[in-house]
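So the sequence lines, in the order shown, correspond to chains C and V. For the first sequence, the residue numbers in our numbering are 7 to 150. For the second sequence, the residue numbers in our numbering are 106 to 262.
Source of the hints: derived by calculation from the structure; they are not laboratory data. Small disclaimer: the values here were computed from a predicted structure and weren't measured. A portion of the hints provided could be inaccurate.
Not close to chain C: a few residues of chain V, all C-beta gaps over 10 Å, as computed [what the hints assert, rightly or not]:
#1 Gln139
#2 Ser150
#3 Asp228
In silico DSS-like links for lysine-lysine, alpha-carbon gap of 25 Å or less [said to hold, decoys possible]:
#4 Lys46/C to Lys70/C
#5 Lys241/V to Lys82/C
#6 Lys227/V to Lys152/V
#7 Lys70/C to Lys82/C
#8 Lys227/V to Lys82/C
#9 Lys152/V to Lys241/V
Cβ atoms here follow ideal geometry from the backbone N, Cα and C, with glycine treated the same way.
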Amino acid sequence: MSAEPAASTSPAEIARFFRRYGWNFEEIDEDTFRTSFRGKNAAFIALVRVTQHWVVFSINPFVKGPDAGFGPVALKVLALANQQVSLIKVGIDDDGDAFVNVELPSEGFGYGQFAAALTALTHAADGLLVPVLQATVIDDRNMA
Amino acid sequence: MLARRRAEAATVTGVISDEIPGYFDQVGWQYDRQRHDQFRTGFASDKGSWDMLVRVTDLMVSFTVPRYVERTSKVPPGPILNLALLRANHELNLAKLGVDSDGDICLTVEIPADEFSVSQFKDAIMALVHYADDFKDRLEAAVADDADDGVTSERVL
Numbered sequence: 007m008s009a010e011p012a013a014s015t016s017p018a019e020i021a022r023f024f025r026r027y028g029w030n031f032e033e034i035d036e037d038t039f040r041t042s043f044r045g046k047n048a049a050f051i052a053l054v055r056v057t058q059h060w061v062v063f064s065i066n067p068f069v070k071g072p073d074a075g076f077g078p079v080a081l082k083v084l085a086l087a088n089q090q091v092s093l094i095k096v097g098i099d100d101d102g103d104a105f106v107n108v109e110l111p112s113e114g115f116g117y118g119q120f121a122a123a124l125t126a127l128t129h130a131a132d133g134l135l136v137p138v139l140q141a142t143v144i145d146d147r148n149m150a
Numbered sequence: 106m107l108a109r110r111r112a113e114a115a116t117v118t119g120v121i122s123d124e125i126p127g128y129f130d131q132v133g134w135q136y137d138r139q140r141h142d143q144f145r146t147g148f149a150s151d152k153g154s155w156d157m158l159v160r161v162t163d164l165m166v167s168f169t170v171p172r173y174v175e176r177t178s179k180v181p182p183g184p185i186l187n188l189a190l191l192r193a194n195h196e197l198n199l200a201k202l203g204v205d206s207d208g209d210i211c212l213t214v215e216i217p218a219d220e221f222s223v224s225q226f227k228d229a230i231m232a233l234v235h236y237a238d239d240f241k242d243r244l245e246a247a248v249a250d251d252a253d254d255g256v257t258s259e260r261v262l
């Protein structure tokens, strides 16, 4: 916490944060990292991307969109998650897939926020997966 | 150990809460301190005026525009509106749209309390001001379509 202007984080700093957090990672380009983790319910691949303004933690696809698109029950579960789970954002991308993100300003971004973001992302992804998959099953049954 | 952690967290919350007034002053915004850890402000732009709540917890600082888009119906948001919110979230940076437990649409920015700074305070406020105008028309249309649809069991993609 500081009232002073803060420097923006950098890819090199993000790499240091990964090491401090104790997670393996792979640099897939100069500003993007890939990591993976296994929760109680599934294994996930997450990307961390550093831009001039933002640090974006993303699991995409989180759940692949059905061919006919998500049904009303799944849409409700996904939309409600945004207010129920702190720090994370849930949405649907241009391919119709559900994603889970954490986005934070790169200015003033430090290890504490890195750890908070990665913790929120992993807990949210693992916690939301089963309710979303159950909702898609209910939607399928309702459409049958 | 648990008691000590709680005490430490409470201290962090208190310190950030006490710095928020200074942050408001730096961006030149008026505010009302409703509680020790909650502030109310607001803004007006081309397309409307909105309240904004700033809340400080042990873990994060949240900025929320509650009831961002008016809904007259007490019926929970349907699939057209939920889909519009979720697609919009793909376009937003830092901010997110969601539905609270009352069925109201909220525009929110959440930032971890750890290392929270005045620059992030400014980023959060500016994101909400920027997006409040950008997405109002689209979401109002979705609210109207949702109300017209009436049948919430249809697929909408």
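Here is how each hint holds up against the structure:
no.	hint	verdict
1	Gln139	20 Å, holds
2	Ser150	21 Å, holds
3	Asp228	4 Å, violated
4	Lys46/C to Lys70/C	19 Å, holds
5	Lys241/V to Lys82/C	20 Å, holds
6	Lys227/V to Lys152/V	21 Å, holds
7	Lys70/C to Lys82/C	16 Å, holds
8	Lys227/V to Lys82/C	31 Å, violated
9	Lys152/V to Lys241/V	8 Å, holds
When each numbered hint is compared with the structure, violations occur for hints 3 and 8.
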